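Undergrad: From first to last, the protein sequence lines stand for chains R and G.
According to the working numbering, the first sequence holds residues 1 to 408 in order.
According to the working numbering, the second sequence holds residues 1 to 140 in order.
Honestly, the hints are just simulated from the structure, not real lab data.
These figures come from a predicted structure and were not determined experimentally.
Among the clues, some could well be false.
What the hints assert, rightly or not - Taking lysine-lysine and the DSSO-like style, the derived pairs with C-alpha atoms no more than 27 Å apart in a straight line are:
1. R:146 / R:6
2. R:6 / R:86
3. G:50 / R:395
4. R:114 / R:95
5. G:81 / R:395
6. R:69 / R:278
Said to hold, decoys possible - Stretch by stretch, here's where chain R covers chain G in the computed footprint (C-beta under 8 Å, at least three residues):
7. 64-70
8. 93-102
Glycine is no exception: its CB is placed at the ideal position from the N, C-alpha and C atoms.
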Amino acid sequence: MSASLKLPIFMDNNSTTRCDPRVVEAMLPFFTENYGNAASRNHSFGWVAEEAVESAREQVGRLIGASGKEIIFTSGATESNNLAIKGVASMYRKKGNHIITTSIEHKAVLDPCKRLERDGFEVTYLPVDKFGRVSPEQVAEAITDKTILVSVMAANNEIGTLQPLAAIGAICKARGVLFHTDAVQAVGKVPVDVEAMGIDLLSLTAHKLYGPKGLGALYVRRKNPRVRLDALMDGGGHERGMRSGTLAVPGIVGLGAACELAGKLRESETQRLLTLRKRLYDGITAELGDIGLNGHPIDRLPGNLNLSFAFVEGEAMMMGIRDVAVSSGSACTSASLEPSYVLQAIGVGDELAHSSIRFGLGRFTTEAEIDFVIRQVITAVNHLREMSPLYEMHKQGIDLSTVAWAAH
Amino acid sequence: MAYSDKVLDHYYNPRNVGSFDRADPLVGTGVVGAPECGDVMKLQIRINEKTGLIEDAKFKTFGCGSAIASSSLATEWLKGKTLDEAMDIRNTAIVEELCLPPVKVHCSVLAEDAIKAAIKDYQTKNLGSAAVAEPLMVGV
């Protein structure tokens, strides 16, 4: 073990990320020095704040191939998704009442859709293949003359699978349907370009790309077509009337700085993460059998590794690697006591969903940390399999799927 | 969520992990739960032929830390008990001993079920057999 290894280790970068010190540095003056209201038009405090906001807008736009004018600042991706989906639904209701999305979206997309269903909209939840991908053909087949919006995430938060955005965007364009993508996990990690991918609305958040929590953005296309939205909140008419509320200048500066850094570092970071992820996977599988990879083997976020350790329950596993922060699709770790709906949607059986662990590698993950995690995982899995009646039965050659369990 | 020290202790130092021969007439085996529910407990007791007491107990559990701790604790409590005493072990006692939060109460229920299933298995095997020292309740 490296002497510099600091515990606990954060390997849950799909849930959030450490704010990059360079981002914090950029934000600091906007708390105590340049604390003006960006909407104050008549004094220098306001001008300085506004200039910083506009510069951040450009930084965000540049990362996704958009103009700064098309960026609306929000409180985070949940708000961005709500604004995109409900805002479009309300504005284009006369045109149609049908929305298409996928079964593995984040709750911040699924739940607004469910609310719209209660309000008379129809929503199609497209199924995904075993890797978690939706096909452009499925989208094309689902579009009707009532469809006003297609919302497909860029990358899945649990299994990291990337969706064929460009092909879906082209279909939406051809059929005159707006295309929204929840790109929270993808922005800054894989190439995202709203022009090349035909994206009309895009949600992102700062805290997934080494920026601060509480700050997100929604890209809203201004031409070809010009997308209009009904605001969720009424107020001072900030952000082209789409999102009222005094701008959170320090956070906005942080998001801008995070986007600029992400743009500069993305390619080298991708290479580094792919190497580290391979090291993690190879290290674990070299010593442990009966491990399943959840998600796509290649078309996935570079930092995401989601594994199912057969015969071992996820929460017990997390207890076993207590110095390492990860996530699990096990019911025991969720508030609902249901196993991950994403893993269920890709056909992972409930028993393997309970056995899943998501490793989220990031900018600050080191090789020494990976090596430590490999040892911890191997020790924990061996400890738990020794205790597992399922592993015992498996070793005796019993096919677990043929056992009549006394389900409770 | 934070685990109690007792849960952690049973998790890291589980008592009586292992298996007896299921076919042994002196062994009772209870398997409860299902993999798709996220927990399966196998609890086994071995009865002393002469005294009729539970002389040893073993478990294997697939489940969260609280499920492991509940079954580990159960094996500790079972040793030296008569079958009647064992039947009286309640999940609430396990909850209390391990300080399980409400969301983990089902782990203790599973442990109680496993105890009862193991006793029932032993009794079913030994109906009318000389190995049974005294009349036992069946069909609980």
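Undergrad: With reference to the structure, classify each hint as holding or not holding.
TA: Results of checking the hints against the structure:
| no. | hint | verdict |
| --- | --- | --- |
| 1 | R:146 / R:6 | violated, 55 Å |
| 2 | R:6 / R:86 | violated, 44 Å |
| 3 | G:50 / R:395 | violated, 34 Å |
| 4 | R:114 / R:95 | holds, 20 Å |
| 5 | G:81 / R:395 | violated, 32 Å |
| 6 | R:69 / R:278 | violated, 40 Å |
| 7 | 64-70 | holds (count 4) |
| 8 | 93-102 | violated (count 0) |
Violated hints, in rising order: 1, 2, 3, 5, 6, 8; the structure is consistent with all others.
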